[in-house]
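Construct the complete structure from the given sequences, taking the supplied hints into account.
Chains as they are written, first to last, in the UniProt record's numbering: chain A, 1 to 315; chain B, 1 to 296.
Pairs of lysine-lysine, DSS-like flavour, derived with a Cα cap of 30 Å:
no., chain 1, residue 1, chain 2, residue 2
1, B, K164, B, K85
2, B, K85, A, K124
3, B, K268, A, K124
Treat the hints as calculated values from the structure; they're not laboratory data.
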Amino acid sequence: MPFPRQHIALLAGIAAALTLSAFGGAFNAYHLDIAMTVGIAIILAVSLNLINGHTGLFSLGHAGFMAIGAYLSATITLFVGPQLTGPAPSAFATQAIFFTALLTGGLCAAFAGILIGLPSLRLKGDYLALVTLGFGEIVRVIFQNIEPLGGALGLYGIHPLTNFAWIYSGVALTIFTVSCLVNSTYGRGFLATHDNEIAARSIGLNTTRYKITAFAVGAFFAGIAGGLFAHLRMTIDPRGFDFSRSIEIILMVILGGMGNTLGVILAAVVLTVLPEVLRPVAEYRMIIYSLLLVILMIARPQGLLNFRPKKAARI
Amino acid sequence: MTELLQQLINGLSLGAIYALIALGYTMIYGVLRFINFAHSEVFMVGAFVGCYIGRLAGSVTWWSGFGALGAAMLVCGILGFIIEKIAYRPLRGAPVLNVLITAIGVSLFLQYGGQLVFGATPRTFPELFPVRHFRLGGLDVSSNQVIVMIVTVVLLVALQLIVKHTRLGTAMRAVALNPQAAQLVGINTGTVFSFTFVIGSALAGAGGVLYAMNYPSIDPLMGVMPGLKAFVAAILGGIGSIPGAALGGLLLGSAETLVSGSQFSTYKDAIAFGILILILLLRPSGLLGRPGVEKV
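The structure is reproduced here in structure tokens:
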């Protein structure tokens, strides 16, 4: 039996990330930093695409999941790690702790995703969007009030453990997981839930399970992205994970075309690189973003970077 | 006891403002079936119009106060009309999510456009009405708080009269019930949508001026929190119901003021969202709303 294509792609992706990372010193530090920011954006956008695009649950709280991952993983590498490894850990121990921290952050975010997925059993559309928005704000307020984690000032002095290899392995894993889920027999349930929930239920699909899974998996990778972000920037504060951060991720999903993984990746790259190129008009960035949202919805609702023909018309 | 009553008065005054904004949300949701996220930015524009008119007037009299209030309502009404025409009308019949995303886009546009036009730094709101303080027992009530409550009650009654006793109001109720059927019996739904937007936005404008009178520091992002809370108030009372919006606003305002007076004051911004999640889980149709039936 031949090895599945997606698995080969995953391994190739991780191998490429490790190889490129080994030659990291050859690149301009500024370009490397942008490349890493792009990677984190891709993880966030692809994971949100599973919730918003494929499953059709409009979530406005992705930054909340990211915050949970960022804070928890930073707590582990800052406070828990040193107690386990002593003052001078080996390189392997440091990386192992970092891996554990990322995983824990992701799992806690996934748990929050399940919690927020529960109301989605009864709510849809606008109301669900509002609950997820509320969730994101509650997460922000809670982290603002935890003084040991820096309160409103934020947490700083986080170890710079994130590198190119970690981020792009994460990217490969995220794309692999989401595309495997959606293209499997099991994962067709996400699309069915998206297209017509009542019809999906009436042919015996457990749409509840798909919705919760989508939230859990999406939140997990957002948590991982948060952890990577924290250990890249070395400082995090609650305001960095507010509503406008969620909007930025949503814009990537909409620009790329909801449910179109390739388009979403492209949009994540474009929207992260563009502000760097357009520094002179930086103060107009959000105005351009917002106009883009409105114009896209009126003129090209399938997404700017989606060149596939429209799916068959729905009844 | 006195302190509790004092908090309750402050809470009712804040709640009255939430109620005004919630009325706009609830009307627009009731008739057009979507959350107008840009409503909180219309509220912000209202506060800025009040600010400019207040500065223009110079002397502080009753006339200048009501002039500023009226001007804010007028400008916001026109703004609402334009927003509906340009952003929402082309999307009539589009999926809910598209409209929602558009609403978020309009809201962000007004926020960041506001930062360019008005400047991003907070500014102080001028006094619009002559301020007096009344002592009732041990309670301190400012004339601004009284004005807020009186204006809210007057606008609420006026709105109720419009909706129940005018031709356009009847048409609004018909469209809210069933847009297709309303169109079939000859109601011009376009006019009804515009009218709903104008009235809702004018109420938000009034809310903006009243809010800025009591919390006199305004900036282009000031609308976000009150706007979200007012929407929670609308859901709490039962979306689509005018008395419900008023009740929800008052309840939410009181709850928030009581919390901010307690030791949990730093959590006051989370209260509204906690209430929102609870009400959606326990009674999604709100306190005064009627549960709807999902049709295939």
